[in-house]
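My request is simple: use the sequences and hints to build the entire structure.
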Amino acid sequence: MLKYIIATFLCCCSMTAFSQNTPSFGIGTRWIYERIDMNYLITYETVEIICDTIINDTLAFVIEKGAFGRPVTHLRCFETLDASFNFVGYPCDSTWVITSTTDILPPATAVYPNPNDGQVFVDGVLGQKVRYALYDIAGRCEQQGVLQNEQLYIAHPGVYFLLLEVAGIWSSHKVVVVH
43 MLKYIIATFL CCCSMTAFSQ NTPSFGIGTR WIYERIDMNY LITYETVEII CDTIINDTLA
103 FVIEKGAFGR PVTHLRCFET LDASFNFVGY PCDSTWVITS TTDILPPATA VYPNPNDGQV
163 FVDGVLGQKV RYALYDIAGR CEQQGVLQNE QLYIAHPGVY FLLLEVAGIW SSHKVVVVH
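Numbers 43 to 221, taken from the numbering used here, label the letters of the sequence shown in order.
Just so you know, the hints here were simulated from the structure itself, not pulled from any lab data. Each residue gets a CB set at the ideal place from its N, CA and C atoms; glycine is no exception. Incorrect hints may appear among the rest.
Stated by the list, open to error - Below, a list of computed lysine to any residue pairs in the SDA-like style, where the Cα atoms sit at most 20 Å apart:
id, residue 1, residue 2
1, K216, H198
2, K171, L189
3, K171, Y195
4, K171, P157
5, K216, D124
6, K171, P199
7, K171, I211
8, K216, P199
9, K171, A152
What the hints assert, rightly or not - Between beta-carbon pairs, the in silico distance windows are:
id, residue 1, residue 2, range
10, S214, Q161, 55 to 61 Å
11, Y154, E184, 51 to 57 Å
12, Y177, V220, 14 to 20 Å
13, A150, C183, 21 to 27 Å
14, G131, V201, 51 to 57 Å
15, F203, L168, 21 to 27 Å
16, F129, D178, 22 to 28 Å
Here it is as structure tokens:
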């Protein structure tokens, strides 16, 4: 999902410092002021080269979710009094309107009985290849593989987290084993 923002930067001098939503000025310090929608932060590293050449100008960025949920920033375009640069195939002043969204819901799976004596059954996966991973409360992987006949045997008592992959979507279930 893409998020679009306009960020205004006030750049000066050479050292690094940040201001949070309030422009500040100082000798020997590079202050960056950002107006950011959707709570995304554009860091100094993102605009280090840009601020070396642009002072008090508006930059347009495209923000998207990257690895581990961190935003990834792409420069769309920027303008100065002397020049205008566009790095994409659409106008810099484009307005994007979200007309609909689609939620991806995990498959309806049920793990029972809970608590159990080590024999665990999984409903909602009939005829599907189901990969699983079983983790203990300390985060150690105790078992992993493919479910056979919609059931799983857990040898030792304890509290576990059972991760199931059905149709490419992972779901998590807490399982308690008592003997």
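To see whether the hints hold, each was checked on the structure:
1. Between K216 and H198 the CA atoms are separated by roughly 15 Å; this keeps the pair inside 20 Å, and the hint holds.
2. With a C-alpha separation of about 7 Å, the suggested pairing of K171 with L189 holds against the 20 Å cut-off.
3. With a C-alpha separation of about 17 Å, the suggested pair K171 and Y195 falls inside the 20 Å cut-off, and the hint holds.
4. A C-alpha spacing of about 25 Å is found between K171 and P157, which places the hinted pair above 20 Å, so the restraint is violated.
5. For the proposed pair K216 and D124, the alpha carbon gap of about 61 Å is over 20 Å, so the pair is violated.
6. At most 20 Å may separate the alpha-carbon atoms for a hinted pair to count; K171 and P199 exceed this at roughly 27 Å.
7. Taking the CA atoms of K171 and I211, the gap is about 12 Å. The hint holds against a cut of 20 Å.
8. Among the hinted pairs, K216 with P199 is consistent with the structure: their alpha-carbon atoms are about 13 Å apart, no more than 20 Å.
9. For the given pair, K171 sits about 16 Å from A152 by alpha-carbon distance, which is consistent with the 20 Å threshold.
10. At roughly 20 Å, the beta carbons of S214 and Q161 sit outside the given window of 55 to 61 Å.
11. The hinted window of 51 to 57 Å between Y154 and E184 is violated, with their beta carbons roughly 19 Å apart.
12. For Y177 and V220, the hinted distance range of 14 to 20 Å is satisfied, since their beta carbons lie about 18 Å from each other.
13. Distance hint check: the CB atoms of A150 and C183 are about 25 Å apart, consistent with the given range 21 to 27 Å.
14. The given range of 51 to 57 Å is respected by G131 and V201, whose C-beta atoms sit roughly 53 Å from each other.
15. For the hinted restraint 21 to 27 Å between F203 and L168, the CB-CB distance of approximately 23 Å keeps it satisfied.
16. Checking the proposed 22 to 28 Å range against F129 and D178 shows it is violated: the Cβ atoms sit about 49 Å from each other.
Of the numbered hints stated above, those contradicted by the structure are hints 4, 5, 6, 10, 11 and 16, listed in ascending order.
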